[in-house]
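When you get a sec, could you build the whole thing from the sequences and use the hints?
Same order as they appear, the protein sequences are chains Z and S. Residues in the first sequence are numbered from 1 upward in steps of one, following this note's numbering. Residues in the second sequence are numbered from 1001 upward in steps of one, following this note's numbering.
Heads up, some of the hints might be wrong.
What the hints assert, rightly or not - Here are the computed distance ranges between Cβ atoms for each label pair:
#1 E1278(S) with E114(Z): 52 to 62 angstroms
#2 P2(Z) with Q1125(S): 56 to 66 angstroms
#3 D115(Z) with N1280(S): 49 to 59 angstroms
#4 P1140(S) with P132(Z): 15 to 25 angstroms
#5 N1221(S) with D88(Z): 16 to 26 angstroms
#6 L1126(S) with G181(Z): 27 to 37 angstroms
Quick caveat, the hints were computed from the structure, so don't treat them as lab data. Where a beta carbon is used, it is the ideal one built from N, C-alpha and C, also for glycine.
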Amino acid sequence: MPKEASTREAYGKTLVELGRENPDIVVLDADLSRSTMTHFFASEFPNRFFDCGIAEQNMVSIAAGLAASGKIPFASTFAVFLPGRCFDQVRMSIAQPGFNVKLVATHGGISIGEDGTSHQAVEDLALIGSLPGFTVIVPADAIETVQAVKVAAANYGPFYIRLCRPKIPLVYNESYRFNLGKAVSMRQGKDATIIAIGLMVAAALEAADNLKQEGIDCSVLNMSTLKPIDKAAIIKAATDTGAIVTAEEHLAHGGLGSEVAQVVARHHSVPMEFVAIKDTYAKSGKPAELLQRYGLTAKDIEQAVRSVVKKKVS
Amino acid sequence: MLLPEEGKAQSTTSADSMKTEVFSLSTAKAKSLSIEEMKAIAKRLRRYIISMTGKAGSGHPGGSLSAVEIVTALYFRILRHKPAEPQWADRDRFILSKGHAAPLLYAALAECGYFPIDELLTLRQLDSCLQGHTDCTVTPGVEMSAGALGQGLSFAIGVTLAGRLNSQKYRVYVLLGDGECDEGQVWEAAMAAAHFKVDNLVAIVDNNGQQIDGWNRDVMNLDPFNKKWQAFGWQVIEVDGHDLTQLIDAFEQAKQVKGKPTVIIAHTIKGKGVSFMENNPDFHGKAPNAEQVEIALKELE
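Right, here's the structure in full:
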């Protein structure tokens, strides 16, 4: 088993580091600072931390006001509430004016587990990705999270970073360097390309290893910058391998699969399969049980690859 | 004919623009103006609102006209600002939360010299810097993109907190509509402003009593309005929102309040200054036609 680490803990600790370097970094939360891990920042910089209570709309517009006045606000709560609970505020207070606000949403996807439907963000990427001007990042592990948070702080403009609740496998080592807007090639193959985000990257690597044993040779791309998406990498994958499978912990519509499909349809049409949550809400359960029930495991990716490779041949 | 004749509207505005310069563009304060001079400015802003919306053929005259004195008192007496340097870091901020009163804000900004008066007649046209609702990315002097109601007070809190962290002395004024106070976010912000003890924040409610579907009390009753703000921890001042002296006194009084934010509930009349628009919710979001423009401008001579 690969080593695991928490993306939100990585976020919380990176915020403290950034706070020490830059006095303009401020942090907002909506009564979930112990879960989003912004409490690390709150204890070291109490004057620069604003708990807005359970009022996400207010938090988002306050963050916009801080950004309009030169601060670099990081605002956090669960991905189901941000942007779901405050979409119009994100749209008009942040996205339209292009303010320098960093929204970091934890507890993305169904891997939050037992809390069930009300806490499972499966639409957040569709919502936030629909807003012109937002940069959207879904890190694949804790190491990429640290770097993505630093990159967001260093680059002007609205960012959305989606993290998850459970510890997830590390797919990188400390020498990794996150490159904003660039897909990361994790495996090189010739038969198909698996494009994945978040915790599905580890699953994609496992699937690629298993498929190799049955003679299917896959590329794996980590599309951690979901927006603006790396078109060149997608076109190259389509050209080189002739088949694409996307894998994401999100509904099948409006997320990674939709974005990749647009590029593929427009520039280099090849067969595609989509590993994602079908048009449904998930239920309570253990994270691993849920990922299995809703088709988000390495086995599901393997099945999708076999199917797409068949389409390619016929 | 729905639109006023091009030439007529133009000549009206260019005549209005031949005014005495009230701003020295490099300094932070308007020249000291008497109440009478400010009344003349208020009347001119009303004329601009009528001409602009008439020319555009759409827009929101009613809730612009009701807040004319509020905005006049702020821009021509209270605010420290530099029209030639809209991004001046230490400026007092005016945040228009009721973004549909954009014609009023544009009129005031033009009158101050943020952009030429003639620009006003481009309101709502394709590629104009004067969008139907305020857009801070295209209009000099506009702090926030508004129009989606309920967000301005929260935004103002953020601006205030940034000033506190930077030890800047600027004050923040935010104009809300009374109908806007139906929005839950306003009360989230009201609670937060008191919690964060932002005493350099002043909210003004343009309490004209009406919203699109009719009187507030019939659509969604706000009463007891002042007690609600008090209960949320605010200093409350009530004034006649068309009385410049009362407004200025209220703003000065608010400067003395420590440890909590102040709300000025300004009792106003929707459509104030134009007989057929007063207390007429039809003119919330409807522009006057050519004939109505002519009558209105006559009334505002």
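Going through the hints against the structure:
1. The beta-carbon spacing between E1278(S) and E114(Z), approximately 59 angstroms, falls within the hinted interval of 52 to 62 angstroms.
2. About 59 angstroms separates the C-beta atoms of P2(Z) and Q1125(S), a value consistent with the hinted range of 56 to 66 angstroms.
3. Between D115(Z) and N1280(S) the Cβ separation comes to about 51 angstroms, which falls inside the hinted range of 49 to 59 angstroms.
4. The supplied range of 15 to 25 angstroms is met by P1140(S) and P132(Z), whose beta-carbon atoms lie about 23 angstroms from each other.
5. In this structure the supplied range 16 to 26 angstroms holds for N1221(S) paired with D88(Z), their Cβ-Cβ distance being about 24 angstroms.
6. Distance hint check: the CB atoms of L1126(S) and G181(Z) are about 32 angstroms apart, consistent with the given range 27 to 37 angstroms.
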